[in-house]
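Novice: Protein chains in written order, with our numbering: chain A, 436 to 856; chain B, 436 to 856.
Each statement offered as a hint is correct.
Remember, identical chains collapse to one label, so a pair may be satisfied in a single copy or spanning two.
Keeping only pairs whose Cα atoms sit at most 27 Å apart, straight-line, the calculated DSSO-like set for lysine-lysine is:
id: 1; residue 1: K534; residue 2: K454
id: 2; residue 1: K454; residue 2: K527
id: 3; residue 1: K603; residue 2: K729
id: 4; residue 1: K569; residue 2: K603
id: 5; residue 1: K603; residue 2: K566
id: 6; residue 1: K603; residue 2: K565
id: 7; residue 1: K690; residue 2: K652
id: 8; residue 1: K798; residue 2: K776
id: 9; residue 1: K534; residue 2: K444
id: 10; residue 1: K527; residue 2: K444
id: 11; residue 1: K850; residue 2: K806
id: 12; residue 1: K778; residue 2: K798
Read the hints as simulated data drawn from the structure, not as lab findings.
Protein chains: 2
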Amino acid sequence: MNLTNRDQKHLWHPLTQHKTTQDALGIVKANGVYLFDEFGNKYIDAISSWYTCVYGHCHPHMVQKVTEQVSSLDQIVFAGFTHPPAVEMSEKLMEILPKNQQKIFFSDNGSTTVDIAIKMSLQYHFNQGKKKLKIIAFQDAFHGDTFGAMSVSGLDVYNGPFSDVVLKVDRISVPNQENIDRVVCDFKNILATNEVACFVFEPLVQGANCMKMHEAKYLDVLIALAQEQDVVCVADEVMTGFGKTGMYFASDRLKYKPDIMCLSKALTGGMVPMGLTTCTQKIYDAFYADEIAKGFFHGHTYSANPIACSAAIASIELLQSKEIQDGIQRIEKGHQEFVLKLKNHSNISEIRTLGVILAIDLKLNIDRYGKDRNEILNHFMSKGIFLRPLGNTLYIVPPYVIKEEELLMIYNTMKEFIDAL
Amino acid sequence: MNLTNRDQKHLWHPLTQHKTTQDALGIVKANGVYLFDEFGNKYIDAISSWYTCVYGHCHPHMVQKVTEQVSSLDQIVFAGFTHPPAVEMSEKLMEILPKNQQKIFFSDNGSTTVDIAIKMSLQYHFNQGKKKLKIIAFQDAFHGDTFGAMSVSGLDVYNGPFSDVVLKVDRISVPNQENIDRVVCDFKNILATNEVACFVFEPLVQGANCMKMHEAKYLDVLIALAQEQDVVCVADEVMTGFGKTGMYFASDRLKYKPDIMCLSKALTGGMVPMGLTTCTQKIYDAFYADEIAKGFFHGHTYSANPIACSAAIASIELLQSKEIQDGIQRIEKGHQEFVLKLKNHSNISEIRTLGVILAIDLKLNIDRYGKDRNEILNHFMSKGIFLRPLGNTLYIVPPYVIKEEELLMIYNTMKEFIDAL
Numbered sequence: 436m437n438l439t440n441r442d443q444k445h446l447w448h449p450l451t452q453h454k455t456t457q458d459a460l461g462i463v464k465a466n467g468v469y470l471f472d473e474f475g476n477k478y479i480d481a482i483s484s485w486y487t488c489v490y491g492h493c494h495p496h497m498v499q500k501v502t503e504q505v506s507s508l509d510q511i512v513f514a515g516f517t518h519p520p521a522v523e524m525s526e527k528l529m530e531i532l533p534k535n536q537q538k539i540f541f542s543d544n545g546s547t548t549v550d551i552a553i554k555m556s557l558q559y560h561f562n563q564g565k566k567k568l569k570i571i572a573f574q575d576a577f578h579g580d581t582f583g584a585m586s587v588s589g590l591d592v593y594n595g596p597f598s599d600v601v602l603k604v605d606r607i608s609v610p611n612q613e614n615i616d617r618v619v620c621d622f623k624n625i626l627a628t629n630e631v632a633c634f635v636f637e638p639l640v641q642g643a644n645c646m647k648m649h650e651a652k653y654l655d656v657l658i659a660l661a662q663e664q665d666v667v668c669v670a671d672e673v674m675t676g677f678g679k680t681g682m683y684f685a686s687d688r689l690k691y692k693p694d695i696m697c698l699s700k701a702l703t704g705g706m707v708p709m710g711l712t713t714c715t716q717k718i719y720d721a722f723y724a725d726e727i728a729k730g731f732f733h734g735h736t737y738s739a740n741p742i743a744c745s746a747a748i749a750s751i752e753l754l755q756s757k758e759i760q761d762g763i764q765r766i767e768k769g770h771q772e773f774v775l776k777l778k779n780h781s782n783i784s785e786i787r788t789l790g791v792i793l794a795i796d797l798k799l800n801i802d803r804y805g806k807d808r809n810e811i812l813n814h815f816m817s818k819g820i821f822l823r824p825l826g827n828t829l830y831i832v833p834p835y836v837i838k839e840e841e842l843l844m845i846y847n848t849m850k851e852f853i854d855a856l
Numbered sequence: 436m437n438l439t440n441r442d443q444k445h446l447w448h449p450l451t452q453h454k455t456t457q458d459a460l461g462i463v464k465a466n467g468v469y470l471f472d473e474f475g476n477k478y479i480d481a482i483s484s485w486y487t488c489v490y491g492h493c494h495p496h497m498v499q500k501v502t503e504q505v506s507s508l509d510q511i512v513f514a515g516f517t518h519p520p521a522v523e524m525s526e527k528l529m530e531i532l533p534k535n536q537q538k539i540f541f542s543d544n545g546s547t548t549v550d551i552a553i554k555m556s557l558q559y560h561f562n563q564g565k566k567k568l569k570i571i572a573f574q575d576a577f578h579g580d581t582f583g584a585m586s587v588s589g590l591d592v593y594n595g596p597f598s599d600v601v602l603k604v605d606r607i608s609v610p611n612q613e614n615i616d617r618v619v620c621d622f623k624n625i626l627a628t629n630e631v632a633c634f635v636f637e638p639l640v641q642g643a644n645c646m647k648m649h650e651a652k653y654l655d656v657l658i659a660l661a662q663e664q665d666v667v668c669v670a671d672e673v674m675t676g677f678g679k680t681g682m683y684f685a686s687d688r689l690k691y692k693p694d695i696m697c698l699s700k701a702l703t704g705g706m707v708p709m710g711l712t713t714c715t716q717k718i719y720d721a722f723y724a725d726e727i728a729k730g731f732f733h734g735h736t737y738s739a740n741p742i743a744c745s746a747a748i749a750s751i752e753l754l755q756s757k758e759i760q761d762g763i764q765r766i767e768k769g770h771q772e773f774v775l776k777l778k779n780h781s782n783i784s785e786i787r788t789l790g791v792i793l794a795i796d797l798k799l800n801i802d803r804y805g806k807d808r809n810e811i812l813n814h815f816m817s818k819g820i821f822l823r824p825l826g827n828t829l830y831i832v833p834p835y836v837i838k839e840e841e842l843l844m845i846y847n848t849m850k851e852f853i854d855a856l
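Excised from the complex, chain A in its bound form (with noise of 0.2 Å):
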């Protein structure tokens, strides 16, 4: 029996209906940008393992410092202890986050992270007696699946079941030039009930919503008017974190930083499971007193897990080296003259890119996860190229070692697709 066969037994997948979906598919080794299937085929990673893998699968220096700390030091409770991973990993993480940002808790996935964000938001206004509920976000964000960031997405496809048992969320619409005055009307509406804790929003790019992109500009203006009534910026970086966006961070785009920042996915590069939410100095100090209940008690079991950290420090030490610095650069200017090239085709919407990331809207009108989304996502996998339209939206993230030669493949058969649309 395959592994497709076996797998139906009994594992259930994460955002599938089982009765619609297709086979999954056998994926029994990965390298580089490629994957290899259990029948012998191989296929370019295009969106990085969900924006994980950005160093390539089984980098040989992640694969070193994973391996080397899985002998020594598996797990040990972060209560009362530290470890060299954790230490490390916090001095190398602060070369490159925003200078604000000092201080770091440790969870396991990017839900856990905003929810964290959240929690810490809420209790920073309790702490000084103030009693601030609201939460502020975008419409169509998407923040995870938790409870805690399930509320504060926008999107209905992930929170139908669950609209009676969610935090209750404020929401605004994305700014860019035409609505920029409406937004911020509404956003200053919002903020003049002084009962707002936090605003939370993915910075540049909302990723789940189709990689819909907008301006610093816009954003900043939002930041700062929140930050002059001391209420809690949360930037969610999961997605645009650890060079997505060109730079480190979306937020290095910012003129005002976030008090808090999630990071996961690409933070370990793919190995294993790690999300952390920083946040700054002030942040902290509203936790740090006399009093025992001001402390955050929030706490899970694996928090700063050797191993994950050691995946961390070789992935921030990959972020920050010539070759990866160099492959960024190489897939931005890819991702600009490819944009150039195709902007105004007839099959085309509308097509936009920030760093790495490229997505192109097609026109046409298909469900998130139909037939016909799977069959987009078919021809690209016959052609050898494993990318997850998001509806009528081709998007890639590819690994930052991806070579010239594979990004035009990628781009020409994209082209050819959309040409023969």
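Knowing the structure of chain A, use the given hints to seat chain B on it.
Specialist: Below, chain B alone, put in the same frame as chain A:
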């Protein structure tokens, strides 16, 4: 600068008031039952690093399996793909799970397994056109720290600042011989509203609630009542799973099996984080439909991470081995003899054991996270034993590989401490 000082710059520890806490001790290595600090001292890890490293730290079988996986397949999107470690893990897990558990959904820690269990329960009814939003949980329960998990938890120390934003939960007392009639009455009254989606509980042992224990026969009464009305019964076995109670799962001791089980911690033997929410075919079937929206649109990026799955395979293989089963029996027997020896001790208000869990309530009145509790912790550290008192409860959950003489050393040190109170 030592690790302790470097740690203080940027690391925010879980469950910690940094102003009043002691310095974090730097652990640099772990092997078998021993932790080694940066000054060359060693300690027996008497709580298996929060019940994770139950096969001892860096067990050669775990190290080998994980190391092999790290260099062959690190990560792959688990929507549309599958891979050997996920498939093999599912098959291994089915060998030891209660037979009614048929489907496995992945996440990354214990809290998320509970958020998922709650979402699954709510959508199970929603998909059948029923609006059931009530959740029943035990008083003083602990299920984790994300918003859903925190809501069902009932320990105030963790939820204080968030009481306005948690999900509404109906609470009942943990049943025992004295209160069973009243608890059944309360439980029936809540069920009678016909609005209950699920009943969430830690079976037989409430971990964070000082390892308080209850009998299977009383819990069985509640599960039977709930299941009669199609209320989803969720057993949170994050702490109790994988041998802690002497059997594979605490639910093995129940006549009425839960509909959903939450697993994490020892699942991966302390290597890397992973969580599983398992369920019956009946629960799964409520999501299996032609309508795509009836699917479970929840997903974490590192779902079924191959490295974590490999750790889980090694872990289950060890659990099934004679060496480990003998170890569990050796600890059980040791605990039972120690309980007999101490049960009428004048400085003890209660002593209890189940499987490898031993808990002793001292006749002291001390805070959960205060100075007095730290002094007890320090006393045992000075004797070469890491245990972490919960207020006035001393407890141990030793790695299954602990030797008889190491166990005796722990018992003797505990007895000396208790005698001297």
